[in-house]
Amino acid sequence: MIIFAFAFGSPSSLGTGTAPHEIAVINLDQGATVSTNNTTQHVNDGSAFTQLLENVTYAQTDTHMFTLNNVSADQAQTMLKSRDLAAVITIPEDFSQAVAALTNASARAETTSDIGLRVINGSTAQLPVNTTPPKQSNVTAQVIVEGDTASSAFGAAQGLIFNVLEQYQGQIQASAIRQVDATLAQNQSQSNASIDYISAVVQPLTGTRSLTLFDYQAPGLIVFALLMQVSNVAQDLTRESDAGTLDRFKLSNMRSFDLLFGTLLTWILIAVAQILLLLGVAVALGFSWAGGANSIALSVLVGIIGGIASISLGLLLAAFTTNERQAAQLGILIAVPVSFLSGAFFPLPNEILGTAFGTTFQVYDVLPWTLVADALRQVLLYGSGLGAVAVYVGVAIVLTAILFVVGVISYSQVRLRPE
Amino acid sequence: MSLTVKSHSADAYALEAQGLTKRYGDLVAVDDLSLQIKKGEIFGFLGPNGAGKSTSINMMIGLLRPTAGAVLINGQDRAHAPKRSIGICPQELVLWDELTCAENLTVMGDMYDLPRELTNERVRSLLADLALSEKAKTRVSQLSGGMKRRLNVALAVIHNPDIIVLDEPSAGLDPQSRLLLWDFIRSLKSKEGKTIILTTHAMEEADTLSDRIAIIDHGKLLQFDTPGNLKKTIGSGDIIEMQVADREKNEAVMADLKSVNGILEINDAGGKINIRALNAVSLLPEIIERVDATRTRVSDISIRENTLEDVFIYLTGRGLRE
Chain G
1 MIIFAFAFGS PSSLGTGTAP HEIAVINLDQ GATVSTNNTT QHVNDGSAFT
51 QLLENVTYAQ TDTHMFTLNN VSADQAQTML KSRDLAAVIT IPEDFSQAVA
101 ALTNASARAE TTSDIGLRVI NGSTAQLPVN TTPPKQSNVT AQVIVEGDTA
151 SSAFGAAQGL IFNVLEQYQG QIQASAIRQV DATLAQNQSQ SNASIDYISA
201 VVQPLTGTRS LTLFDYQAPG LIVFALLMQV SNVAQDLTRE SDAGTLDRFK
251 LSNMRSFDLL FGTLLTWILI AVAQILLLLG VAVALGFSWA GGANSIALSV
301 LVGIIGGIAS ISLGLLLAAF TTNERQAAQL GILIAVPVSF LSGAFFPLPN
351 EILGTAFGTT FQVYDVLPWT LVADALRQVL LYGSGLGAVA VYVGVAIVLT
401 AILFVVGVIS YSQVRLRPE
Chain L
420 MSLTVKSHSA DAYALEAQGL TKRYGDLVAV DDLSLQIKKG EIFGFLGPNG
470 AGKSTSINMM IGLLRPTAGA VLINGQDRAH APKRSIGICP QELVLWDELT
520 CAENLTVMGD MYDLPRELTN ERVRSLLADL ALSEKAKTRV SQLSGGMKRR
570 LNVALAVIHN PDIIVLDEPS AGLDPQSRLL LWDFIRSLKS KEGKTIILTT
620 HAMEEADTLS DRIAIIDHGK LLQFDTPGNL KKTIGSGDII EMQVADREKN
670 EAVMADLKSV NGILEINDAG GKINIRALNA VSLLPEIIER VDATRTRVSD
720 ISIRENTLED VFIYLTGRGL RE
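As given, the protein sequences belong to chains G and L, one line each in that order. Take the numbering used here: the final residue in the first sequence is number 419, and no numbers are missing along the way. Take the numbering used here: the final residue in the second sequence is number 741, and no numbers are missing along the way.
Check the hints yourself; a few may be wrong.
Calculated lysine-lysine pairs in the DSS-like style (CA-CA distance at most 30 Å, straight line) [what the hints assert, rightly or not]: (1) G:250 / L:458; (2) L:608 / L:639; (3) L:691 / L:677; (4) G:250 / L:639; (5) L:556 / L:502; (6) L:691 / L:650; (7) L:458 / L:639; (8) L:691 / G:250; (9) L:554 / L:458; (10) L:639 / L:650; (11) L:677 / L:650; (12) L:651 / L:677; (13) L:651 / G:250; (14) L:639 / L:610; (15) L:608 / G:250; (16) L:677 / L:458; (17) L:608 / L:651; (18) L:458 / L:691; (19) L:502 / G:250; (20) L:691 / L:651; (21) L:554 / L:608; (22) G:250 / L:610; (23) L:458 / L:502; (24) G:250 / L:457; (25) G:250 / L:677.
To be clear, the hints were calculated from the coordinates, so they are not data collected in a lab.
Using the sequences plus the hints, can you model the full thing?
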């Protein structure tokens, strides 16, 4: 129940309902030089818009709409692919210029509208000095909102971002008009800029145009199958112990290495078969597999790491369980929560542990299966190569090696030595 | 630095237990057990359930670490003795059900690093000796209980060990299989000079096969001698087994017979009165006379020699141990 609540009901999970949405903003805005009241200053409206996104709250609540992740463009892409982010907003380099253009256009429209009104109404009131309408430029900017269009989290976040951007433009226009009206002693707003200076566009994450929830879950199911090996390995080894065959081995010339390597080899082969079988079934059921033979080879390699991690955990369990049934139950009791915590089925809330090798690591990444699941998604869904998942694979290998050493030492000490 | 203990009696003894003790908390499962098992002998290891036999055996073969004491194999500390010097046939059937008989034996041959040719030769020979040749390619799951039991024994000796531990090897065997197994055990000793440690609850088996017998109870060694000497020195005399017509008079009969000269022990064995006495034949008329005097009569009476079972019961008592 706790696990399901965590997976489905956590208020921090990627932003659903009125929870903050995990987003990243890549601000490429170069800024613009604007003149106000005879003073010239350099402004960066991209930063102002970013600040707005950070501060904006849901109506009548203190809950922020967005949680901004301070990451690089590459990191944002990786996090987007692993659904650690709901959306990535890219503010273009000419954003400030477009804001300035919008401001000028609004002011110009308001000024000309005011002059026209005076003429039509036959007003004799003298126009103030400096009523020359500001020069109009046609600079426009397009804010890119990128995300996995198959993700409901992106759908919700994207709607809010568009809305905030629209309001932002509205505020700029209103501010320009107020300024003009104050100067011309005109109280009534009459006009709007006719050009869409700042627009937003959705850019689907590469390869996600037709992705479904199943596409996200299929690599996770492979990880889940690998995790079930924990129970199988523990059962298998405990059975040897229960049946007395382990005692026969212990009395023979067999070394611990022989038994453990034999176990490892057997279960690795089973892991490879599982990966290929599940991938085949997933593709048959409509999984959007990207990449060719290379992606299969790479996913098998990545899967083997997950398999070895499961075997290692199985060894650890077999060291301390007293019978086959206990091993099976305990194995499932551990494997199922770990599968949730590794994000096999559902995206996990952002709990950033730190950044290393240019990659942001979540707390869950201390589990090698989390890294394996992320790497499998990148390889199978987005067709990424070894270079793209090298950090995931490297860290997963290190974590698996640690787990393997702990498992082997525990099993050898407890089961393969005289009691 | 490792210390290798070399016994002076390395040539005489295949296995020596020196003050073996195993404690589980307050429970002393084996208490200062010392034994010397000669090379080439069949050593019977007897004791009631829970007496400490299995614990002792497991310490001797290296599956259990003693709390105190040492085990020497051919005069060498057990930890340094070659693993292939011991073969174990556990009481439970420890087999791979999905493998054939030959495959089971081959697996264990491989585990002892036997050359494949030698393994194949040993497999053929053992299957023939234990009447399993026709079942060489049959899966263990399809064997009868007796066949499995024989294969269990074969697995203990596939690597041609010097010392063979047989834990209840004939449990559940039919008479034919048991005789076949006894012949095999005897041949291991007589033809191959193996040392055999035999634990059994079948007193006839221990009496028939063993050169020497140790009886332990509550973790302590009670007696250790040849079967003949045990029968002579423990519970000497013969056994008169008697039934009276009126069993309700058993108590009265037994009370009266206690005063007869020459009767060493008398007890009720499930309605039958067992009398152990020296020169039992000469006592029969007086016993019958005394029974008549208690207003009942002898309905059945026989005399037999003292058996190993009598010795066993004498030493370990009649109380159930399960």
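So which hints don't hold here, by number, going up?
8, 9, 13, 14, 16, 18 and 25
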